[in-house]
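Q: If you want the building blocks of each chain, they are given just below.
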Amino acid sequence: EVQLVESGGGLVQPGGSLRLSCAASGFTFSDHYMDWVRQAPGKGLEWVGRSKTGANSYATEYAASVIGRFTISRDDSKNSLYLQMNGLNTEDTAVYYCAREAGEWLDRHYYYYGMDVWGQGTTVTVSS
Amino acid sequence: DIVMTQSPDSLAVSLGERATINCKSSQSVLYSSNNKNYLAWYQQKPGQPPKLLIYWASTRESGVPDRFSGSGSGTDFTLTISSLQTEDVAVYYCQQYYSTLYTFGQGTKLEIK
Numbered sequence: 014e015v016q017l018v019e020s021g022g023g024l025v026q027p028g029g030s031l032r033l034s035c036a037a038s039g040f041t042f043s044d045h046y047m048d049w050v051r052q053a054p055g056k057g058l059e060w061v062g063r064s065k066t067g068a069n070s071y072a073t074e075y076a077a078s079v080i081g082r083f084t085i086s087r088d089d090s091k092n093s094l095y096l097q098m099n100g101l102n103t104e105d106t107a108v109y110y111c112a113r114e115a116g117e118w119l120d121r122h123y124y125y126y127g128m129d130v131w132g133q134g135t136t137v138t139v140s141s
Numbered sequence: 012d013i014v015m016t017q018s019p020d021s022l023a024v025s026l027g028e029r030a031t032i033n034c035k036s037s038q039s040v041l042y043s044s045n046n047k048n049y050l051a052w053y054q055q056k057p058g059q060p061p062k063l064l065i066y067w068a069s070t071r072e073s074g075v076p077d078r079f080s081g082s083g084s085g086t087d088f089t090l091t092i093s094s095l096q097t098e099d100v101a102v103y104y105c106q107q108y109y110s111t112l113y114t115f116g117q118g119t120k121l122e123i124k
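Protein sequence lines, in the order shown, are assigned to chains A and B.
Per the numbering used here, the first sequence starts with residue 14, numbered consecutively.
Per the numbering used here, the second sequence starts with residue 12, numbered consecutively.
Hints may be right or wrong, so weigh each one.
[Claimed, not checked] No farther apart than 16 angstroms at their CA atoms in a straight line, the calculated lysine to aspartate or glutamate pairs in the EDC-like style are these:
1) A:K56 with B:D20
2) B:K62 with A:E59
3) B:K47 with A:D120
Keep in mind the hints are simulated off the structure, nothing from the lab.
With the hints as constraints, model all of the structure from the sequences given.
A: Written out as structure tokens, the structure reads:
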């Protein structure tokens, strides 16, 4: 069964740090771009960032709202994705989802077309 | 960033009736080299993660019922549920992947009238 399981959420004070983990199973983790998406209480979805594959130098990209504070990394040997969050503020309070990017080969090119596997999420609360 | 705007914010439709949700992007998400619209639709039920329904604006994900369909091109897109079922009550989001910095619409809450 294809599965993503997040962990590491909790209560943290403003200015604090937290590291989230996402354990993948049931698919070849190293072949896929992996993303973090968050959802503040009662709000919509916000893309946080992605980790590309080793074939793409494990490059990362981030939303403007988290650049310089959040760092995404991965360990393909452990089938795991991570989100290191520093300088947290109350606006970072959210459920954080790990998601797999879907892709397909078309005319000898590989195209990504969204996120087809999601974890159940882990809750991060930033409060004093 | 590409801004995605959905309408309406909420919608109430009778069982068996058609539901239509619109999504507009601040710039075209049609990629000329492959003539594909980089637009996806997701369904999120309460307490659950989002589920990919449609990609390339009109391709249904495997296992998605055929009452769900997507249409549109360039900057204007539509998700249609042809005959609303009780299990379709959810919030629906559009998302562009034309820019590598993905963005979502604000969501449309669909309820039973």
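Q: Each hint: holds or not?
A: Here is what the structure says about each hint:
At roughly 12 angstroms between alpha-carbon atoms, K56 of chain A and D20 of chain B fall within 16 angstroms of each other, so this suggested pair holds. Only pairs whose Cα atoms come within 16 angstroms are accepted, and K62 of chain B paired with E59 of chain A is accepted, the gap being roughly 15 angstroms. Distance check on the hinted pair: K47 of chain B and D120 of chain A sit about 13 angstroms apart at the alpha-carbon level, within 16 angstroms; holds.
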